[in-house]
Amino acid sequence: GSYAEFGKQWYQRRVRAQIQRLQKIQNAAVRFVRGTGERRGITVLRKELHFLPVDMRICFKICVLMFNVINNKAPEYLEEMVTKRSAKPQGLRANNDRTLLDNKTHSVKYKISERRLSIAGPQLWNQLPRHMREITSEDLFKVRLKTHLFQKAYGES
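Heads up: the sequence shown runs through residues 1 to 157, numbered per the numbering used here.
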């Protein structure tokens, strides 16, 4: 393997380790709130408290930022980072979906480039169901997004 590949793998492990540390802190907070010292069943306790796991909480925050960009409620510097997809004259129906954002790519070959808001934001936003991307009320969007991510995290329908 090349040095670049080694660096990419090292970075991925580092980010995963940081998220795991944050998850441990959240788990400790859940145990504190519930008044239990048990190590087992933390997922059930988190679920009862309606806590999203840390990785899903990060997705939540990014999607809310993208919601604000789409609805022109974000600061200008954020709006400049992402591009709303414009309708194309022919082709697939998805080409006319104005709720989608253009997926950007950067020439940087390292995994860190995929964590940029200009890349991660549109990717996460475009993965949301269309009916969620079409919501215009921020409060309603947040409720539906949390429900969507909660179901994704805990496997409920």
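No lab work stands behind these hints: they were computed from the structure.
Heads up, a few of these hints could be off.
Said to hold, decoys possible - Derived SDA-like pairs: lysine to any residue, alpha-carbon spacing no greater than 20 Å straight-line: (1) 152 <-> 45; (2) 84 <-> 54; (3) 84 <-> 130; (4) 152 <-> 41; (5) 47 <-> 60; (6) 47 <-> 65; (7) 61 <-> 134; (8) 73 <-> 62; (9) 24 <-> 154; (10) 84 <-> 64; (11) 61 <-> 41; (12) 146 <-> 84; (13) 152 <-> 54; (14) 61 <-> 130; (15) 152 <-> 52; (16) 73 <-> 117; (17) 146 <-> 156; (18) 24 <-> 64; (19) 152 <-> 64; (20) 84 <-> 119; (21) 24 <-> 84; (22) 24 <-> 52; (23) 146 <-> 83.
Claimed, not checked - If you anchor each label on the Cβ, the simulated ranges turn out as follows: (24) 24 <-> 102: 11 to 21 Å; (25) 14 <-> 79: 41 to 51 Å; (26) 32 <-> 83: 36 to 46 Å.
Note that the Cβ used here is the ideal one computed from N, Cα and C, for glycine as well.
How the hints compare with the structure:
Pair hint residue 152 plus residue 45 holds up; C-alpha atoms about 17 Å apart against a cutoff of 20 Å. Of the pairs offered as hints, the one joining residue 84 and residue 54 is violated, with about 28 Å between alpha carbons and a cut-off of 20 Å exceeded. A C-alpha spacing of about 14 Å is found between residue 84 and residue 130, which places the hinted pair at or below 20 Å, so the restraint holds. With a CA separation close to 18 Å, the supplied pair residue 152 and residue 41 stays within the 20 Å bound.
Of the supplied pair hints, the one linking residue 47 and residue 60 holds, its CA atoms being roughly 16 Å apart against a limit of 20 Å. Between the alpha carbons of residue 47 and residue 65 the distance comes to roughly 24 Å, so the proposed pair goes past 20 Å and is violated. Our distance criterion of 20 Å between C-alpha atoms is met by residue 61 and residue 134, whose separation comes to about 18 Å. About 14 Å separates the Cα atoms of residue 73 and residue 62, which keeps this hinted pair within 20 Å; it holds.
The suggested pairing of residue 24 with residue 154 holds, with an alpha-carbon distance near 17 Å, which does not exceed 20 Å. A threshold of 20 Å between alpha carbons decides the hint, and for residue 84 with residue 64 the separation of about 15 Å falls inside it, so the pair holds. Restraint check for residue 61 and residue 41: the C-alpha separation of about 26 Å exceeds 20 Å, so the hint is violated. Between residue 146 and residue 84 the CA atoms are separated by roughly 23 Å; this puts the pair beyond 20 Å, and the hint is violated.
Pair hint residue 152 plus residue 54 holds up; C-alpha atoms about 13 Å apart against a cutoff of 20 Å. The hinted pair formed by residue 61 and residue 130 meets the criterion: a straight-line CA distance of about 18 Å does not exceed 20 Å. Taking the CA atoms of residue 152 and residue 52, the gap is near 10 Å; set against the 20 Å cutoff, the hint holds. Distance restraint check for residue 73 and residue 117: the Cα-Cα separation of roughly 16 Å lies within the 20 Å cut-off, and the hinted pair is therefore satisfied.
A threshold of 20 Å between alpha carbons decides the hint, and for residue 146 with residue 156 the separation of about 13 Å falls inside it, so the pair holds. With a CA separation close to 24 Å, the supplied pair residue 24 and residue 64 exceeds the 20 Å bound. A threshold of 20 Å between alpha carbons decides the hint, and for residue 152 with residue 64 the separation of about 17 Å falls inside it, so the pair holds. Distance hint between residue 84 and residue 119 is fulfilled; the C-alpha atoms sit about 13 Å from each other, no more than 20 Å.
The suggested pairing of residue 24 with residue 84 is violated, with an alpha-carbon distance near 37 Å, which exceeds 20 Å. Distance restraint check for residue 24 and residue 52: the Cα-Cα separation of roughly 13 Å lies within the 20 Å cut-off, and the hinted pair is therefore satisfied. Restraint check for residue 146 and residue 83: the C-alpha separation of about 24 Å exceeds 20 Å, so the hint is violated. A C-beta distance of roughly 37 Å is found between residue 24 and residue 102, which places it outside the suggested range of 11 to 21 Å.
For residue 14 and residue 79, the hinted distance range of 41 to 51 Å is not satisfied, since their beta carbons lie about 30 Å from each other. At about 43 Å, the CB distance of residue 32 to residue 83 agrees with the hint of 36 to 46 Å.
When each numbered hint is compared with the structure, violations occur for hints 2, 6, 11, 12, 18, 21, 23, 24, 25.
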